[in-house]
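2 protein chains.
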Amino acid sequence: MTAKSGLTLRFLGTGDAGGIPLFGCDCEICSNTFKGNGRRRPCSALLTCEGHSILIDAGRTDLVDLFHEHPFQRILLTHYHVDHVQGLFHLRWGNKNLCMPVHGPHDEQGCADLLKHSGILDFSDCLEPFVSRSFDKLKVIPVPLNHSRLTLGYCFKYKQTRLAYLTDTIGLPAETERFLCRWKPTVLVLDSTHAPGSASVRNHNDLHMALHIHARIMPETIWLTHISHELETYWLTGGLQLPENVHIATDGTEFCL
Amino acid sequence: MTAKSGLTLRFLGTGDAGGIPLFGCDCEICSNTFKGNGRRRPCSALLTCEGHSILIDAGRTDLVDLFHEHPFQRILLTHYHVDHVQGLFHLRWGNKNLCMPVHGPHDEQGCADLLKHSGILDFSDCLEPFVSRSFDKLKVIPVPLNHSRLTLGYCFKYKQTRLAYLTDTIGLPAETERFLCRWKPTVLVLDSTHAPGSASVRNHNDLHMALHIHARIMPETIWLTHISHELETYWLTGGLQLPENVHIATDGTEFCL
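Respectively, the protein sequence lines represent chains A and B.
Sequential numbering from 87 applies to the first sequence in my numbering.
Sequential numbering from 87 applies to the second sequence in my numbering.
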């Protein structure tokens, strides 16, 4: 896609907690990642709006390398599961002249000792469902999701463009779905962890659930993310046909809108 | 060094929790790491004895890449601080046909949800101070250390060779020091986190404390590890002279004994 309004999203990770490759797995999919193809790292993204960058979730543990030259200005956390925050365990001990704002749901437990020993991270400015905030020229509306832990999705508005980023979730809370049907996102990024009919569906959408949400919200475009090894296997071996405006996110994919 | 008895130790990481580079630090030391020099990853090592490999601590988050071709057989944890276990957050969701034994102190809290959702990891076989164990041809004696969390050092014996691996610690408990003076390690690997006179000495040795332990235990060789950015700066700028048998460990250093 070409740049439209100056809002860019880059997928830094599109995997679930196990990701691809899985440790100790010698299947063809995992083996290919060691040749440089098809890796799925912890689900996260970088949103850039007129030079201001926001890291959405911090599950990548190589943030020091990724952002050595062009750092982000703040972090939004969807929730405190370890695969969404583990990159902060290193980042917090960074240059003491920095103070990095980390916004997320008000979850006192946090993850491990992250809130107790926060280092350069400032967790004080939590976000509330449906309470709109502005970060430079970007407006953000947090929305509650259905997960095993207090979790927020984020609806970003810049000029006439609307982007909803919704992981981790199984289905949507009724109030969130009503909001999205009115708000009409241009682009929807959505949790689609499991293969259809998976025995392990819990706390995350399977592909059919994700497509049903797509059909109800009707964004112009949807990107499926938080992909499991099981779902990757399903669609690589099953000849899956998806509607034209449904895309499968991959690590490194970037789109402008 | 050349191989002597078939026991090899490779330092996988020799840094403290912040390591080198620190996030957002543009000092010369940190900048050099992006040219490939001097990185210090989370403190950990691989011990190999006649083809049987033990991972000592799991703070490296790239274990899936490091051990794709030649996996280790078990893991010994010194303690459950996040920089010593964070690699397990990914590893646990690996190939379900595997079962990876993880031995460490009996610490019910663990780290984040690691013990609750252990995946392929088996944490059931904990180690007790001064209770000797054998893993294949290697004998292991756990010893208590002084840290902010229940922590074990490990004394490995193979044929006539003795290796003590002691991180994280400030000084040594009297019973551990008495044991080591009798046991007489050939090689000692020791926590030396802080620069001498550091304002932040707590829970870890500074360089002088480490050298005093060395003088009391008198191993043939000592390797200093768990190095902070502060200590790295101190000795790179201070023209530090160390006794002949005192070595500073670096990531990737391997020795045989």
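Derived from the structure by calculation, the hints contain no laboratory data.
Fair warning: there could be bad hints in the mix.
[To be verified] For each label pair, taking beta carbons as the anchor points, the in silico distance ranges come out as:
(1) A:E114 / B:A285: 31 to 39 angstroms
(2) B:L184 / A:C342: 16 to 24 angstroms
(3) B:F120 / A:P187: 22 to 30 angstroms
(4) A:C212 / B:K182: 20 to 28 angstroms
(5) A:S218 / B:F120: 17 to 25 angstroms
(6) B:R302 / A:T339: 51 to 59 angstroms
(7) B:S210 / A:E261: 20 to 28 angstroms
(8) B:S234 / A:H192: 52 to 60 angstroms
(9) A:N183 / B:S210: 26 to 34 angstroms
(10) B:E214 / A:W269: 33 to 41 angstroms
(11) A:Q195 / B:C185: 24 to 32 angstroms
(12) A:E114 / B:C185: 46 to 54 angstroms
(13) B:H203 / A:E136: 14 to 22 angstroms
(14) B:Q195 / A:P187: 26 to 34 angstroms
Backbone N, C-alpha and C define an ideal beta-carbon position, used for all residues, glycine too.
Verification of the supplied hints:
1. Hint check: E114 of chain A to A285 of chain B, Cβ distance near 54 angstroms, so the stated range 31 to 39 angstroms is violated.
2. A hinted range of 16 to 24 angstroms is violated for the C-beta pair L184 of chain B and C342 of chain A, which are about 42 angstroms apart.
3. Distance hint for F120 of chain B and P187 of chain A: a CB-CB separation of about 25 angstroms, consistent with the stated range 22 to 30 angstroms.
4. About 37 angstroms separates the C-beta atoms of C212 of chain A and K182 of chain B, a value inconsistent with the hinted range of 20 to 28 angstroms.
5. Distance hint check: the CB atoms of S218 of chain A and F120 of chain B are about 39 angstroms apart, inconsistent with the given range 17 to 25 angstroms.
6. Judged by the Cβ atoms, the range 51 to 59 angstroms given for R302 of chain B and T339 of chain A holds: they are separated by roughly 58 angstroms.
7. Range check, S210 of chain B to E261 of chain A: about 44 angstroms between beta-carbon atoms, so the 20 to 28 angstroms window is missed.
8. A C-beta distance of roughly 27 angstroms is found between S234 of chain B and H192 of chain A, which places it outside the suggested range of 52 to 60 angstroms.
9. With their beta carbons about 45 angstroms apart, N183 of chain A and S210 of chain B fall outside the hinted range of 26 to 34 angstroms.
10. Between E214 of chain B and W269 of chain A the CB atoms are about 58 angstroms apart, so this pair departs from the stated range of 33 to 41 angstroms.
11. Take Q195 of chain A and C185 of chain B: their Cβ atoms lie about 29 angstroms apart, and the range 24 to 32 angstroms holds.
12. With their beta carbons about 24 angstroms apart, E114 of chain A and C185 of chain B fall outside the hinted range of 46 to 54 angstroms.
13. Range check, H203 of chain B to E136 of chain A: about 40 angstroms between beta-carbon atoms, so the 14 to 22 angstroms window is missed.
14. Between Q195 of chain B and P187 of chain A the beta carbon distance is about 29 angstroms. The supplied range of 26 to 34 angstroms therefore holds.
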